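If you're matching them up, the sequences are chains X and B in order.
Take the first sequence: its position 163, counting from 1, is numbered 162 in numbering that gives the first Met the number 0, and each next residue is one higher.
Take the second sequence: its position 157, counting from 1, is numbered 156 in numbering that gives the first Met the number 0, and each next residue is one higher.
Be aware that one or more of the hints could be misleading.
Unchecked claim - Below are the DMTMM-like pairs computed for lysine to aspartate or glutamate, each with C-alpha atoms no more than 20 angstroms apart in a straight line:
#1 B:K282 - X:D113
#2 B:K282 - X:D122
#3 B:K282 - X:D108
What the hints assert, rightly or not - Residues of chain X clear of chain B, computed beta-carbon distances all greater than 10 angstroms:
#4 D24
#5 F64
#6 T103
#7 L160
#8 S204
#9 E239
#10 D247
#11 G257
What the hints assert, rightly or not - Partial chain X-side listing against chain B, Cβ under 7 angstroms, derived:
#12 Q76
#13 W88
#14 K125
In case anyone wonders, no lab produced these hints; they're calculated from the structure.
In this text the structure is predicted, and so the values were computed from the model without any measurement.
Glycine included, every Cβ here is placed at the ideal spot set by N, Cα and C.
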Amino acid sequence: MHPPAIRTEHLTKRYGSLLALDDLDLTVDAGEVFGFLGPNGAGKSTTIRLLLGLARPTAGQAWIFGTAAAEVATAHQRIAYVPADVTLWPQLTGAEILELLGSTGPGVDVAYRDELVARFALDLSKPGRAYSTGNRQKVALVAAFATRAPLLVLDEPTAGLDPLMEREFRRAVVEARDAGRTVFLSSHQLAEVEAVCDRVGILRSGRLVDVATMPELRRLHRTEVLVRFAGPVPELTGVEGIDGIQVDGAALRFTLTGPPGPALRALAAADVTTLTMREPTLEEIFLDYYGEGSR
Amino acid sequence: MTPVGAGDRGTATAAVTRLALRQVRRPALVVSAVAAGTTAVVVAGYESTAGTALDAAALAALAENPAVRTLFGEPFALDTPGGFTVWRTGTVLAVLLSVWGVLATTRVTRGEEESGRWDLLLAGRLAVPAVLGRHLAVLAAAVVIAGAATGVVLVAAGTPPGGALRYAAGLVLVALFAVSTALLTAQVMPTRAGASGSALAVLGVGLLARMVGDGVAALGWLRWLSPYGLLALIRPYHDDRLLPLLVLAGAALLVGAAAMALAGRRDVRAGLVAAPAGRPPRKWLLGTVEGFAVRRMLRPLAGWSTGIGAYFLLIGLLATSMTRFLSDNPRFAELAAQAGFTELGSVRGYSASLFVLLAVPVGVFAASRLAEFVAAETDGRLTSLYAQPVSRNRLLTAETLATLAGVAVLLTVAATATWLGAYLVDAPLPLAAALAGTWNVLPVVLLCLGAAILALGWLPRATAAVGVLPAIGGFLLQVLADSADLPGWVAAISPFTHLAAVPAESPGRAALKIMIGIAVVAAVLGRLGHRRRDLLG
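Whole structure, please, built from the sequences with the hints as guidance.
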């Protein structure tokens, strides 16, 4: 049995009186793409700094492929990291930064790196100070994806990228998964997580609220159904799984939880002209966690 | 524009002025306090040292010696407290104020701009020239306060107000010239570092022109081209000349006006000289963290080597005329001995007393390297290296070793430059003796490095301040203890008290071992703290 890519036990971090991360127990298996969702200030970056040994936990422990996170010389042999806010050495050009990170890191696939440089349309001759936010991020992304490290830790990596580059980023994540690598993707961009992740952990005010696979996460929540009828509108009150019925002339709007069998049987007798079922976006699921009550 | 808009503009100007004030006020107060304090100590100590000891013949000998003139400027009115104070402290304070003026100007203008903090500011109602104008006004006020404080101290000490006024005005104008020059280079050069460097180079050439002009009679006119030379030409308390003051004022005004005129013609975050848009990669020393630590140090090391090398070359060149002067004028040798400089009459004694001073710049260099390491950690440049399979200990060791190599280079450069200068004037100073003399200060430099590492581990934001403490604090403490007759244990705290005058004497091995031991303990504790703490940024 291989050790999980990331494992934390009671991982806790306090900054003075502020509890930045509270008792985090998390396991990310090797080979999965794990989304780490939460609003700003939820503790995502704190968690990542603890995983990388950049900050020391107040309590608890973290392991990277079975190695304690504090033993960075060993643990980092298997990690490539892209910080949320990339700062480059202002005098070094992009090529020099890739050279530095490549030769001090866990090994580089040079051919793949050259391919990524082309795909991300990165000009490597510019000095670090001349890069825009998005280009700084691209340098860090190319450096990370081109390593041979089996775990990629990405902290909000697409904040400064344009849509074309975001598409390239998603392709690179899929390629990493296909190559058997693990990706830990912190984000507050739901579409991104929805597009690439297998499982999602949701963090709120330093606490892990939920961990679910994408299908589970969606199943937990209601499907919105809109039915239009040619004849009379049937009575659906009391049918299993149906809730929030609104009648609007010849149209019926309701939400459906759980298996759709009973609802479909109830509709079978009526003269249905259109039936629209809409999956809630992760955005809406997300808002269920954060929308009500205080953040 | 509506009346409301006009009101907003006034508010905006006031807000920018307050911003500039906040960034300048604390260092400005420190610089003013140092200028006024140094002046007060020297003018108050005049009666007890020089006042009674100097006769007319000795003064004449002093004024004629080219070495004395080169190092300290042309002496005049030494028989008055004011004239003596101006001679002793004038150049030093002018250099202090002008170098601070340059660094503060580039920091609060181009530095803020490069960091992106001005983007929001300049998106408002005020354009670049208006914002720069407010900062110029605040910086000018800061140097006026420093100069005024110095003048007030001199008047309070009973020196003639006319001389004090001209001297203070001269100091202010030299600093204003430096501020204007930095503002101008900040419009022209592509980066903040380039702006600071070229403005400091202008000051350096000015200082050199003053030294040559004072030392070589035929080149005396050079002083009219140098801010420091013009300050000396005022001859406060003696001639109280006005013309050099007017020239200084004109130069400062002209350069300042040019800077303001150019400010509107450039892009924000860029100078008139464009930075190269790209270049082929230079991959040397990027293979290991140790190599990279060396690579990052090379450029600053070249600057420090140039400065220290030029100064000690001059020390070597002056060796014969200085020692001959002191052996011909025993009265001065006695005075120097009272101030802690013994055996100045021999080349070895003379160079030994100056080699001791080397501990200050080299110690500051060591502390500055570790402070830069913390700065890179704070702003996130080091994050990508801390995320590599490299332990924190190894990164800090790499930085420490690179700094030690830099220290070795500086000590060797100083020795070689002194030897070369002495060789050129046929002064008896073998290279081995010069090397023994400069390397003798290594323990003080190691104390600086150890203190900086200790702070880096436990109080990282204080790395620079704690790191320079053994050198600057120790030096000032020794000077104070010597001149104010403090109890022996106070002087014993200063590492300088324990440095032997090598190559005139042999090095004190026990003291060296103790100092190195303290430095190593501090460094080990610092490494422990660095390994355990959270990284900044």
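Each hint, compared with the structure:
1. Restraint check for K282 of chain B and D113 of chain X: the C-alpha separation of about 17 angstroms stays at or below 20 angstroms, so the hint holds.
2. Proposed proximity of K282 of chain B and D122 of chain X is supported: the alpha carbons are some 17 angstroms apart, at most 20 angstroms.
3. With a CA separation close to 18 angstroms, the supplied pair K282 of chain B and D108 of chain X stays within the 20 angstroms bound.
4. Separation of D24 of chain X from chain B is adequate, the least Cβ-Cβ distance of about 22 angstroms exceeding the 10 angstroms criterion.
5. The Cβ of F64 of chain X sits about 13 angstroms from the closest Cβ of chain B, beyond the 10 angstroms cut-off, so the non-interface label holds.
6. With 10 angstroms as the threshold on Cβ separation, the claim that T103 of chain X sits away from chain B is violated: the shortest Cβ distance comes to roughly 5 angstroms.
7. Even its closest Cβ contact with chain B, about 18 angstroms, leaves L160 of chain X beyond 10 angstroms, as expected for a residue assigned away from the interface.
8. With a closest Cβ-Cβ approach of about 20 angstroms to chain B, S204 of chain X is found to remain outside the 10 angstroms limit, as its non-interface label requires.
9. Here E239 of chain X stays apart from chain B, with its beta-carbon at least about 52 angstroms from theirs, past the 10 angstroms limit.
10. Listed as outside the interface, D247 of chain X is consistent with that label: its C-beta sits roughly 48 angstroms from the nearest C-beta of chain B, beyond the 10 angstroms cut-off.
11. Once the 10 angstroms rule is applied to beta carbons, G257 of chain X is consistent with being away from chain B; the minimum gap is 45 angstroms.
12. Evaluation of the Q76 of chain X hint against chain B yields a held restraint, the C-beta minimum of about 4 angstroms falling below 7 angstroms.
13. Look at W88 of chain X: its Cβ gets to within about 6 angstroms of chain B, closer than 7 angstroms, so that hint holds up.
14. Restraint check, K125 of chain X versus chain B: the minimum CB separation of about 5 angstroms is within 7 angstroms; hint holds.
Checked against the numbered hints above, the structure violates only hint 6.
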